[in-house]
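Peer 1: What follows is each chain in one-letter form.
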Amino acid sequence: MIKVIIIDDEPLATEIVIEYLAVFDQVHILAVCHDGFAGLKAIKEYEPDLIFLDVQMPKITGFEMLELLENPPAVIFTTAYDEYAMKAFDTHAIDYLLKPFSQSRFEKAMEKFLKNGERQIVEFDQNISKLELNGPSERIVLKDKHDIKIIPFSEIQFLEANDDYVNIYTMEGKFLKNKTMKFFENVLDTKMFVRVHRSYIVKITEITKIETYEKDSYILKLKSGATIPISKSGYPKLKSVLGV
Amino acid sequence: MGVAYLVHTFGPGLGTAALDVALHTFLLILAYFFLENIFRYYTPQDRQFLIFLSFPLVVSIMIFYLGKYSIELIFLHQQSYLEFVKEIQFVRLFVIFLMVLGYALLLLFHSKLETQLKIRERAEQIDRLVKEAELFQLRQQLQPHFLFNSLNSISSLVKRKPDEAREMVLQLSEFLRKTIRKENQKWISVLEEIEYLQLFIGIEKVRFGHRLEVEYQIAEECKSLRLPQLLVQPLMENAVKHGLYGVLGDVLIKVRFECQDEYLFISISNPFDSMAGQASGESFGQQAIRRRLFLLFGRNDLFKTQSHKEEFKVELKIPQNYDQSYYH
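Top to bottom, those sequences are chains A and B.
Take the first sequence: its position 188, counted from the start at 1, is 188 in my numbering, and no numbers get skipped.
Take the second sequence: its position 230, counted from the start at 1, is 230 in my numbering, and no numbers get skipped.
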């Protein structure tokens, strides 16, 4: 038995997937969801083998939903998104179906899944959210205990490396996200954020003071009261962004 | 120098003549400077030729007298030269006037040319922006989100509900036809605009019918008012998009058309979540509309966006006492 969940915010779009799936006897559709939140819940509950996933959906995108899963099921994307964004991840998902798609194209995608059998870990290109042209990408979606938290880039005060994770500091406190510093260095606006240290990225409007710590070494004071070390290579970067 | 020598041949010493010429050259430069400043701020209209003439006249008389008194002061002890100067003073006045007038004409010509250039530049800019807006509009409607999703809906309906599929095909065709209509150089009536909006919403409702609701409030007396094309629909599309993707649950879009004094007032609101971290600031579509309104009416206060806690609203004012036959 293959457990399947369909996640798409347009009812007609889910109906055609159901219609096409009818020829696969071994498939059981356990849930049809219309947004990422419902999708997350259903995935947790049913632990599906395969999900059909739309990209642009209410509140969080399909990509953002997947990022929140620790052990994501196999994914076939069904979306009208243009190929530009699609190319970035076509090696990672089982397949992507560009709407509208034919039954034979759909069956090809299913064959791919069946051949690969078993679950398959979906990996994502770290730059994917930059490529989402129309989707809101100026934000981070993460899990905060049981809630899902959406943090706009504008609310970030600073970032701190924490092994494979990054601590995100905002007015509301500290949040954990499983991405690298390199990733954030790439996606954040370089006019607003500076990597002042191997372990720190700071928003320049948060800075209140640059203090000499010892000879040739400096520290930053932030509005929130936090103190951040500046590395030797970070100091000239900071100076050039601040224009001093 | 040449002039000084010329004067010298009439009798006075070379030094005296050179001094005289230098003095008047200086005065003329002063006058040119003065005129230039006047014409920088004042461009005479076609029928004000007398006013235009009066400037150089006044200026040249001023120079003439200034020159005359200066000469009388400087050459106090050269009686013969003073007499010579007096003899030719009207010739001198005339020459000064001619020179000043010539320069004034040059300035006038230059400023006229500049105005012409500015007007043409503005017209070109408007042309370009209209084209940009049209292109943007086309891209919007002809690209994945709208067209392909609509086609996908049709594909989904075609087997199970063929009648609805055909209905959708017809709606989509009519909408696309209206979008790419050729004569988009003119204003259309509120009624026509609303028909167009309803067509668009009809299609979106097939896709999102379970969530999307639109409430129209259209004042009877403004149904015949007119507005430029391609202004309201992109805003509607924005509202639908941000409503549908910004919140879970149902989306109510409110559209209002009203008359306010000599304006047609339009507002469109959609629910949104201020905490969702949607990109702040105006979208490309909104900016395009703001710029187009500025170019159409030369005003910056006709387009407003507001976000309250859970509602995003755009407001648009279209001046009605405006030449509507001319699209730009």
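One or more of the hints may lead you astray.
As the list claims (entries may be wrong) - In silico DSS-like links for lysine-lysine, alpha-carbon gap of 27 Å or less:
| id | chain 1 | residue 1 | chain 2 | residue 2 |
| --- | --- | --- | --- | --- |
| 1 | A | K108 | B | K313 |
| 2 | A | K112 | A | K44 |
| 3 | A | K112 | A | K3 |
| 4 | B | K131 | A | K112 |
| 5 | A | K41 | B | K241 |
| 6 | A | K145 | B | K309 |
| 7 | B | K313 | A | K149 |
| 8 | B | K309 | A | K143 |
| 9 | B | K131 | B | K68 |
| 10 | B | K309 | A | K174 |
| 11 | A | K108 | B | K86 |
| 12 | B | K159 | A | K3 |
| 13 | B | K68 | A | K149 |
| 14 | A | K143 | B | K241 |
| 15 | B | K131 | A | K149 |
| 16 | B | K178 | B | K205 |
| 17 | A | K41 | A | K209 |
FYI, nobody ran anything at the bench for these hints, they're computed from the structure.
Please read these numbers as outputs of a predicted model, since none were measured by experiment.
Peer 1: Look at each hint and say if it fits the structure.
Peer 2: How the hints compare with the structure:
1. A:K108 x B:K313: 45 Å, violated
2. A:K112 x A:K44: 24 Å, holds
3. A:K112 x A:K3: It holds: about 16 Å lies between the C-alpha atoms, which stays within 27 Å.
4. B:K131 x A:K112: At roughly 45 Å apart (the allowed maximum being 27 Å), K112 of chain A and K131 of chain B break the hint.
5. A:K41 x B:K241: 25 Å, holds
6. A:K145 x B:K309: Holds, at roughly 26 Å.
7. B:K313 x A:K149: 25 Å, holds
8. B:K309 x A:K143: Status holds; Cα separation ~24 Å.
9. B:K131 x B:K68: 62 Å, violated
10. B:K309 x A:K174: Satisfied, since the Cα-Cα distance of roughly 25 Å is no more than 27 Å.
11. A:K108 x B:K86: Between K108 of chain A and K86 of chain B the Cα gap is close to 107 Å, so the pair fails against 27 Å, i.e. violated.
12. B:K159 x A:K3: Holds. K159 of chain B to K3 of chain A sits at ~26 Å (cutoff 27 Å).
13. B:K68 x A:K149: 86 Å, violated
14. A:K143 x B:K241: 25 Å, holds
15. B:K131 x A:K149: Distance ~41 Å between K131 of chain B and K149 of chain A Cα, so the pair is violated.
16. B:K178 x B:K205: 19 Å, holds
17. A:K41 x A:K209: Roughly 45 Å between the alpha carbons, so the hint for K41 of chain A and K209 of chain A is violated.
Checked against the numbered hints above, the structure breaks hints 1, 4, 9, 11, 13, 15 and 17 and satisfies the rest.
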